[in-house]
Amino acid sequence: MCSMFEKCDNLSSLDVSGFCTDNVTNMKLMFAFCKELTSLDVSGFNSDNVTDMEGMFFMCEKLTSLDVSGFNTDNVTNMIAMFWHCENLTSIDVSGFNTEKVTNMHDMFSGCANLSSIDVSGFNTDNVTETNAMFGDCKNLKSLDVSDFNTENVLDMRFMFLGCKQLTSLDISNFDTNKVSTMWLMFANCNNIKTIYVGDGWNTNSVTNSEKIFNNNTNLIGGKGTKYDENHTNAEYARIDGGESNPGYFTKK
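Residue numbers (my numbering): 1201 to 1453.
The hints are simulated quantities; they were obtained by calculation from the structure and are not laboratory data.
Owing to the predicted nature of the structure, the values given are computational and were not obtained by experimental measurement.
Quick reminder that beta carbons are idealized off the backbone N, C-alpha and C, glycines included.
Among the clues, some could well be false.
[Unchecked claim] Computed beta-carbon distance windows for the label pairs: (1) Cys1208 / Asp1274: 26 to 32 Å; (2) Gly1322 / Asn1249: 20 to 26 Å; (3) Cys1208 / Thr1368: 35 to 41 Å; (4) Thr1368 / Lys1301: 44 to 50 Å; (5) Asn1275 / Ser1295: 14 to 20 Å; (6) Asn1353 / Asp1274: 15 to 21 Å; (7) Leu1211 / Asn1314: 19 to 25 Å; (8) Lys1301 / Ser1269: 33 to 39 Å; (9) Ser1269 / Asn1431: 42 to 48 Å; (10) Lys1301 / Lys1262: 28 to 34 Å; (11) Asn1405 / Glu1444: 23 to 29 Å; (12) Glu1444 / Thr1238: 50 to 56 Å.
Working from the sequences, and respecting the hints, build out all of it.
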């Protein structure tokens, strides 16, 4: 079913409620660019054998609700941009997603501007290599629990939390960034964020691109009182705050 309804730009209604998807393995871009759909019933889909959900609801920008709570994602390896710019979704239940085989989550919720919360606390990210822009421009997210994310295999975190304007704190204390090579704009434009918690696994040893990681994080304060300085927005301050002698923007947890 890859690209089955892709770019049906003017389709205003679609009834797939009777589809038998028992043997389907590929739903990549299935409804991508269905920009005029306001509702879509996929609650009865059997996704037991699906391995690819990349861009499945890409740019379904008028959907206000979407029930994927019954999806079986046991075999899915690809969730790239799955809900990219579903900008009118106010809620989405992915709490039951099994992501243990997923290798790529970049842009998964990027542009979901009206979501106030996303429960990804149970996501298994052991095999994920890219989380770039995963929550980019989720402008109304007021809380986000990624405290148990295992990022030991992640290579790219650029734009990961870019534009999450309503977040006031972020716990990434379980993040292991030993392999991460790019953090460009990772926390940029999180205007209200005050505290970012990190743990012993955080380091920037492999980072080659750290431009403007903290751009416009005007309310950010490190654990020992280091305040945001527009002259220090790159990796040099992406460390646990050590006070005046070793300033940083993070708080140790």
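Quick rundown of the hints versus the structure:
1. Cys1208 / Asp1274: 26 to 32 Å: holds, 29 Å
2. Gly1322 / Asn1249: 20 to 26 Å: holds, 22 Å
3. Cys1208 / Thr1368: 35 to 41 Å: Given range 35 to 41 Å: holds, Cβ gap about 40 Å.
4. Thr1368 / Lys1301: 44 to 50 Å: Given about 34 Å between the Cβ atoms, the range is violated.
5. Asn1275 / Ser1295: 14 to 20 Å: holds, 19 Å
6. Asn1353 / Asp1274: 15 to 21 Å: Cβ of Asn1353 to Cβ of Asp1274: about 20 Å, so the range 15 to 21 Å holds.
7. Leu1211 / Asn1314: 19 to 25 Å: holds, 22 Å
8. Lys1301 / Ser1269: 33 to 39 Å: violated, 19 Å
9. Ser1269 / Asn1431: 42 to 48 Å: About 46 Å separates the Cβ atoms of Ser1269 and Asn1431, which means 42 to 48 Å holds.
10. Lys1301 / Lys1262: 28 to 34 Å: The hinted range 28 to 34 Å holds for Lys1301 and Lys1262, with Cβ atoms some 31 Å apart.
11. Asn1405 / Glu1444: 23 to 29 Å: holds, 24 Å
12. Glu1444 / Thr1238: 50 to 56 Å: holds, 55 Å
The structure is inconsistent with the numbered hints 4 and 8, although it conforms to all the rest.
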